[in-house]
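**Student:** Spelled out from the first residue to the last, the chains are:
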Amino acid sequence: MKKISKLYLALLFLFLYAPIFVLIVYSFNESKSKTVFSGFTFDWYIKLFNNELIMTSLGNTLLIAIVASVVSTILGTMAAIGFSKMRKLPRALMMNVNNIPIINPEIVTGVSLMLLFVFFAARMNFEFGMGTLLLAHITFDVPYVVLNVMPKLRQMNPHIYEAAQDLGCNPVKAFFKVVLPEIMPGVLSGFLMSFAYSLDDFVISYFTSGSNSQTLPITIYSMTRRKVSPEINALSTIIFIVVVTVLVVKNILEKRDMKKRNEEILVER
Amino acid sequence: MNENTHTHRSLLQKLIAAPYIVWMIVFIIVPLAMVAYFAMTTADGVFTLENIKDVWQYANIFVRSIWLAAIATVICLVIAYPAAYILSRTSASAQSTLLMLVMLPMWMNFLLRTYAWMTILGNNGLINSFLGLFGIDSIKMLNTQGAVVLGMVYNYLPYMILPLYTVMMKIDKSVLEAAHDLGCNGAKTLFKVVMPLSIPGITSGITMVFVPAISTFIISRMLGGGSQLLIGDLIEMQFLGNSYNPNLGSAISLVLMVIVLIIMTVMNQFDAGDDKVLM
Numbered sequence: 037m038k039k040i041s042k043l044y045l046a047l048l049f050l051f052l053y054a055p056i057f058v059l060i061v062y063s064f065n066e067s068k069s070k071t072v073f074s075g076f077t078f079d080w081y082i083k084l085f086n087n088e089l090i091m092t093s094l095g096n097t098l099l100i101a102i103v104a105s106v107v108s109t110i111l112g113t114m115a116a117i118g119f120s121k122m123r124k125l126p127r128a129l130m131m132n133v134n135n136i137p138i139i140n141p142e143i144v145t146g147v148s149l150m151l152l153f154v155f156f157a158a159r160m161n162f163e164f165g166m167g168t169l170l171l172a173h174i175t176f177d178v179p180y181v182v183l184n185v186m187p188k189l190r191q192m193n194p195h196i197y198e199a200a201q202d203l204g205c206n207p208v209k210a211f212f213k214v215v216l217p218e219i220m221p222g223v224l225s226g227f228l229m230s231f232a233y234s235l236d237d238f239v240i241s242y243f244t245s246g247s248n249s250q251t252l253p254i255t256i257y258s259m260t261r262r263k264v265s266p267e268i269n270a271l272s273t274i275i276f277i278v279v280v281t282v283l284v285v286k287n288i289l290e291k292r293d294m295k296k297r298n299e300e301i302l303v304e305r
Numbered sequence: 076m077n078e079n080t081h082t083h084r085s086l087l088q089k090l091i092a093a094p095y096i097v098w099m100i101v102f103i104i105v106p107l108a109m110v111a112y113f114a115m116t117t118a119d120g121v122f123t124l125e126n127i128k129d130v131w132q133y134a135n136i137f138v139r140s141i142w143l144a145a146i147a148t149v150i151c152l153v154i155a156y157p158a159a160y161i162l163s164r165t166s167a168s169a170q171s172t173l174l175m176l177v178m179l180p181m182w183m184n185f186l187l188r189t190y191a192w193m194t195i196l197g198n199n200g201l202i203n204s205f206l207g208l209f210g211i212d213s214i215k216m217l218n219t220q221g222a223v224v225l226g227m228v229y230n231y232l233p234y235m236i237l238p239l240y241t242v243m244m245k246i247d248k249s250v251l252e253a254a255h256d257l258g259c260n261g262a263k264t265l266f267k268v269v270m271p272l273s274i275p276g277i278t279s280g281i282t283m284v285f286v287p288a289i290s291t292f293i294i295s296r297m298l299g300g301g302s303q304l305l306i307g308d309l310i311e312m313q314f315l316g317n318s319y320n321p322n323l324g325s326a327i328s329l330v331l332m333v334i335v336l337i338i339m340t341v342m343n344q345f346d347a348g349d350d351k352v353l354m
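Chains as they are written, first to last, in my numbering: chain R, 37 to 305; chain X, 76 to 354.
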């Protein structure tokens, strides 16, 4: 790589990471000030873990992300299989509707679901809360599952499924024994993607949650509205460490997987 | 018998998508229909076009949103293009690490990323206290349009880099070698060969930055301090803010959707084939 390219990337990463490192450094700052570094402390971390609101909203976030991504993965995989068997025109229609939540500005998805929930909350006597949040999250998660599973279905040889049935499998068994293993990478990446989006979502949750069902991003938002809240810095540091760990592990696993595949190819030759 | 199992099979295969089709109708189609309905009725449910007309009162906010989002998109493109090009030309092992470094900030919640800039740009923030060491008076950076654009660029830059990188990766190395053999220098290869081949990446990058940028209400609120209202703020205020008016809010949302639709149609015109780049 040329020197100028290296310099360019270095500046880019400086821009991307400097703000995050500022947060990390100040999470250990003794004083509440955003500017003066007066001494090293773990106080903000202790305060963070003793902050009931943050801990409850973290619990809410994890619960919603897990349930929403599991339900979305099942619903989306089923839908993708059904769509792939359709004729071209209805399939295109289905995919276009499926993509609406991805294309639409998040705020529009948020307010449209809010209108729906307000309408039914009055008539069916329920309140905004974990239920409405869950419905909203599933709605924006499933499209990603469908988009991840569809290409895997298209790559698959359709005759394997028929062969399994000819050999005596019923459709359900044939699906679990033959189709599912083939499309598993797509199902898995769809699951992870919807889990990550659910954890991270603020805008749609903001419009569909109740006062007793705050998720972590909503709590973070109300914290940033206050003048000084150094617990945010501590929280950012922890989230950063978690994200780095997950990505590094994923990277290592992928590299190992690639190596293994390369070796297999060599052996076959 | 054979015929029978065949029809049975296809019925099952059709039914398997049914739950999600119902879901899409209830949670995608109906809510959007409700937005359209609210936009075209009064609070009592009487048909009217007043709400849509009222949106014109906020024309200045629309202009500002489009303008700021457009500036942010152009800056993202200018920064991301060389970055994606360099990334696509590095060795495979370095590539996966560098790519991870580009994506990593995306997984930090964007509220935290934006909050970080509040700390840096504030009147008592990092930059101003640094300048203060040299006796320079503090410069007002937070709560300006510049801060809002910076926040957009910072938050959405990876969305521009990734699709560009994806199309550039697909460009066959031998094409570049051929251009070189035929007498193109580096810059000429870039403009004559790489640029035209990376148009699908440019268009999807533009949509992926412009759409969230034009509809944000967080970046403008946190870095613009309420003085730089955008379309997103306007919508939020009608639904959860002080000026509760879901009918007007729906009308604004409807106009926003139309703007987004226009942008996407225009961008699709530039795409040569059906070579769409989706993340």
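Note that these hints are calculated values from the structure, not bench results. Where is the CB? At the ideal position from N, CA and C, for every residue including glycine. It is possible that part of the hints are untrue.
Stated by the list, open to error - Keeping only pairs whose Cα atoms sit at most 20 Å apart, straight-line, the calculated PhoX-like set for lysine-lysine is:
(1) R:K188 x R:K213
(2) X:K89 x R:K188
(3) R:K121 x X:K263
(4) X:K245 x X:K215
(5) X:K89 x R:K38
(6) R:K121 x R:K38
(7) X:K248 x X:K263
(8) R:K83 x R:K68
(9) X:K267 x X:K248
(10) R:K124 x R:K213
(11) R:K121 x R:K68
(12) R:K286 x R:K296
(13) X:K263 x R:K38
(14) R:K124 x X:K267
(15) R:K209 x R:K121
(16) R:K209 x X:K267
Stated by the list, open to error - Distance ranges between label pairs, derived from CB positions:
(17) X:Y319 x R:R261: 16 to 22 Å
(18) X:G300 x R:K83: 39 to 45 Å
(19) X:P94 x R:K209: 17 to 23 Å
(20) R:V282 x X:A167: 19 to 25 Å
(21) X:G300 x R:T77: 25 to 31 Å
**Student:** With reference to the structure, classify each hint as holding or not holding.
**Tutor:** Each hint tested on the structure:
Pair hint K188 (chain R) plus K213 (chain R) holds up; C-alpha atoms about 16 Å apart against a cutoff of 20 Å. For a cut-off of 20 Å, the pair hint linking K89 (chain X) to K188 (chain R) stands: about 19 Å separates their Cα positions. Between K121 (chain R) and K263 (chain X), the direct Cα distance comes to roughly 47 Å. Violation of the 20 Å bound is thereby established for this hinted pair. A hinted pair counts as satisfied when its Cα atoms are at most 20 Å apart, and K245 (chain X) with K215 (chain X) does not qualify at roughly 45 Å.
Of the supplied pair hints, the one linking K89 (chain X) and K38 (chain R) is violated, its CA atoms being roughly 56 Å apart against a limit of 20 Å. For the proposed pair K121 (chain R) and K38 (chain R), the alpha carbon gap of about 50 Å is over 20 Å, so the pair is violated. Between K248 (chain X) and K263 (chain X) the CA atoms are separated by roughly 16 Å; this keeps the pair inside 20 Å, and the hint holds. This hinted pair checks out: K83 (chain R) and K68 (chain R) have alpha carbons roughly 13 Å apart, not beyond 20 Å.
In summary, the hint linking K267 (chain X) to K248 (chain X) is supported, as the alpha carbons are separated by about 15 Å, within the 20 Å threshold. Between K124 (chain R) and K213 (chain R), the direct Cα distance comes to roughly 27 Å. Violation of the 20 Å bound is thereby established for this hinted pair. Distance restraint check for K121 (chain R) and K68 (chain R): the Cα-Cα separation of roughly 60 Å exceeds the 20 Å cut-off, and the hinted pair is therefore not satisfied. For the suggested pair K286 (chain R) and K296 (chain R), the alpha carbons sit about 15 Å apart, so the restraint of at most 20 Å is met.
Of the supplied pair hints, the one linking K263 (chain X) and K38 (chain R) holds, its CA atoms being roughly 18 Å apart against a limit of 20 Å. For the hint linking K124 (chain R) to K267 (chain X), the alpha-carbon distance of about 37 Å lies beyond 20 Å, and the restraint is violated. As the CA atoms of K209 (chain R) and K121 (chain R) are separated by approximately 18 Å, the hinted pair is consistent with the 20 Å bound. Distance restraint check for K209 (chain R) and K267 (chain X): the Cα-Cα separation of roughly 54 Å exceeds the 20 Å cut-off, and the hinted pair is therefore not satisfied.
A C-beta distance of roughly 19 Å is found between Y319 (chain X) and R261 (chain R), which places it inside the suggested range of 16 to 22 Å. Roughly 27 Å separates the CB atoms of G300 (chain X) and K83 (chain R), a value that falls outside the hinted 39 to 45 Å. About 21 Å separates the C-beta atoms of P94 (chain X) and K209 (chain R), a value consistent with the hinted range of 17 to 23 Å. For the pair V282 (chain R) and A167 (chain X), the supplied restraint of 19 to 25 Å holds, since their beta-carbon distance comes to about 22 Å.
Restraint check, G300 (chain X) to T77 (chain R): a C-beta distance of roughly 30 Å satisfies the suggested window 25 to 31 Å.
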